[in-house]
Amino acid sequence: MAELRKKLLSLASGRQVRLYGSSIAISKGLEIGEGCAPNIFSFSGTEGPNDPDGKVINVHNLSANDLEEIADYNIQLWMNLKANLRRHGVANPKVFNHDAIR
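Residue numbers for the sequence shown follow my numbering, beginning at 13 and rising by one.
Derived from the structure by calculation, the hints contain no laboratory data. Glycine is no exception: its CB is placed at the ideal position from the N, C-alpha and C atoms. What you were told as hints is all true, and nothing was included just to trick you.
Quick list of in silico lysine to any residue cross-link-like pairs, SDA-like style, CA-CA up to 20 Å:
#1 K106 - Q88
#2 K94 - I38
#3 K40 - N51
#4 K18 - I36
#5 K40 - V102
#6 K18 - G57
#7 K67 - I52
#8 K40 - N96
#9 K94 - H110
#10 K40 - N104
#11 K19 - I44
#12 K40 - K94
#13 K94 - S22
#14 K94 - I44
#15 K19 - A37
#16 K18 - G47
#17 K94 - V107
#18 K19 - S56
#19 K106 - M91
#20 K19 - F55
#21 K40 - A103
#22 K94 - I36
#23 K106 - G41
#24 K18 - R30
Restraint-style ranges between C-beta atoms, simulated for each label pair:
#25 D65 - H100: 44 to 50 Å
#26 N77 - S56: 19 to 25 Å
#27 G101 - A14: 18 to 24 Å
#28 A76 - S25: 34 to 40 Å
#29 N70 - N104: 35 to 41 Å
Using the sequences provided together with the hints, build the complete structure.
Take a look at the structure:
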């Protein structure tokens, strides 16, 4: 299973991808990229990663239900990509949602 640590994405195949940021994202068109834009929901530690007194950053004051809806939306995009990769393969442009890209 893939693991992301210290800006390095390690894959089960042994391949490693160096990232500039600390996250990967998926677009509505099923394109994968780095999620480098400002965070919508995040953690800010005051003394370091082991500091229990950090704070939650929620710039849009989203509720738990809002965040669950966002999670479900992203999960569905990843599942669509996975299904398309199985159906069309990695070299076929049909793997992408062309209507969302235009």
